[in-house]
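J.: Top line first, the protein sequences correspond to chains Z and V. Read in this note's numbering, the first sequence has 68 at position 68, and its numbers run on one by one without any break. Read in this note's numbering, the second sequence has 6 at position 6, and its numbers run on one by one without any break.
Among the clues, some could well be false.
One-sided and incomplete, this derived list gives chain V residues near chain Z with beta-carbon spacing under 8 Å [stated by the list, open to error]:
1. Gly-40
2. Gln-41
3. Gly-42
4. Pro-43
5. Leu-45
6. Arg-48
7. Asp-56
8. Leu-91
9. Glu-103
10. Leu-104
11. Phe-106
12. Glu-108
13. Gly-109
The hints are simulated quantities; they were obtained by calculation from the structure and are not laboratory data. In this text, a Cβ means the ideal position worked out from N, Cα and C, and glycines have one as well.
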Amino acid sequence: QKEVEQDPGPLSVPEGAIVSLNCTYSNSAFQYFMWYRQYSRKGPELLMYTYSSGNKEDGRFTAQVDKSSKYISLFIRDSQPSDSATYLCAMKRPGNTGKLIFGQGTTLQVKP
Amino acid sequence: EAGVVQSPRYKIIEKKQPVAFWCNPISGHNTLYWYLQNLGQGPELLIRYENEEAVDDSQLPKDRFSAERLKGVDSTLKIQPAELGDSAVYLCASSFDSSNTGELFFGEGSRLTVL
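Work out the full structure: start from the sequences and follow the hints.
T.: Here it is as structure tokens:
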């Protein structure tokens with residue numbers, strides 16, 4: 001079993017829809033949770049960062065972490081065609097020795 | 001400010017041939033990472049450098065892969081000899097440090113096809 005599981009999709013939604021992307025994980029030591037966005041043939045870029053449990057909002061994006069369930073989510077409101085990309089969850093243990101573990105990514109397509 | 005620069009962007013080689021990828025991190029970033037990304041998968045760490053020291057290379061297949069980061073700036077990742085299964089995107093990333101909140105900045109990747 002992988003440490004981080006993510007539904008690969010693809011996920012196709014109409015413009016303006018609310019999108020929910022999710023990851024589950026097995027390592028309870030993870031404390032730092034991130035969402036990266038990767039456009040086709042580009043490198044990933046950091047979208048959201050959350051420490052421990054709770055919610056974080058940034059514009060149309062909301063990240064949620066539920067450590068008790070080992071489950072994290074990214075919500076995109078009013079989705080736009082420019083949001084079409086692969087979304088990678090990533091997580092890390094505390095300390096300099098903890099490496100970032102990525103999910104396999106969910107491909108999202110927002111249709112105009 | 002320039003981002004992480006990688007070259008070449010694309011490389012096609014025959015199996016058993018050698019190949020090398022180059023990475024120039026963001027200026028001032030002490031930590032440099034090489035990741036492997038297979039099609040439809042998330043990036044997987046191959047090696048992490050703190051300045052010029054390789055501090056995590058547990059996932060680097062050392063029989064055919066090697067890496068170096070001379071003078072703690074640019075880095076080179078080499079594969080010799082390449083195998084069909086090495087076809088993937090090789091991503092370089094850098095961060096100011098490897099602390100908990102250290103954001104990773106990725107290059108656009110080097111896409112390798114082994115025939």
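J.: Min Cβ distance, Leu-91 (chain V) to chain Z: is it shorter than 8 Å?
T.: 6 Å, holds
J.: Have a go at the Gly-42 (chain V) hint: is there a Cβ in chain Z nearer than 8 Å to its own Cβ?
T.: 3 Å, holds
J.: Answer holds if the nearest beta-carbon of chain Z is closer than 8 Å to that of Pro-43 (chain V); otherwise answer violated.
T.: For Pro-43 (chain V), the interface hint holds, since the closest Cβ of chain Z sits about 5 Å away, which is under 8 Å.
J.: Does Arg-48 (chain V) pass the interface hint, meaning its C-beta sits closer than 8 Å to a C-beta of chain Z?
T.: With a closest approach of 7 Å, the Arg-48 (chain V) hint holds.
J.: Under 8 Å, Cβ to Cβ, is where Leu-45 (chain V) needs to be relative to chain Z, so tell me if that hint holds or is violated.
T.: Holds, because the Cβ-Cβ distance from Leu-45 (chain V) to chain Z comes to roughly 5 Å (cut-off 8 Å).
J.: Does the nearest C-beta of chain Z fall within a distance shorter than 8 Å of the C-beta of Leu-104 (chain V)?
T.: Leu-104 (chain V) check passes; min Cβ-Cβ to chain Z is 7 Å, inside 8 Å.
J.: Should the hint that Gln-41 (chain V) touches chain Z count as held when the rule is a Cβ pair under 8 Å?
T.: 5 Å, holds
J.: Is the hint on Glu-108 (chain V) kept, meaning its closest Cβ partner in chain Z is under 8 Å away?
T.: With a closest approach of 5 Å, the Glu-108 (chain V) hint holds.
J.: Double-check Gly-109 (chain V) for me: the hint is only fine if its C-beta lies closer than 8 Å to a C-beta in chain Z.
T.: 6 Å, holds
J.: Can Gly-40 (chain V) be said to touch chain Z, with a Cβ gap under 8 Å?
T.: 6 Å, holds
J.: Do the numbers back the hint for Asp-56 (chain V), that is, is its least Cβ distance to chain Z under 8 Å?
T.: 6 Å, holds
J.: Using Cβ atoms only, decide whether Phe-106 (chain V) comes closer than 8 Å to chain Z, and label the hint accordingly.
T.: OK, holds: Phe-106 (chain V) within 8 Å of chain Z, min 3 Å.
In this structure, every one of the numbered hints holds.
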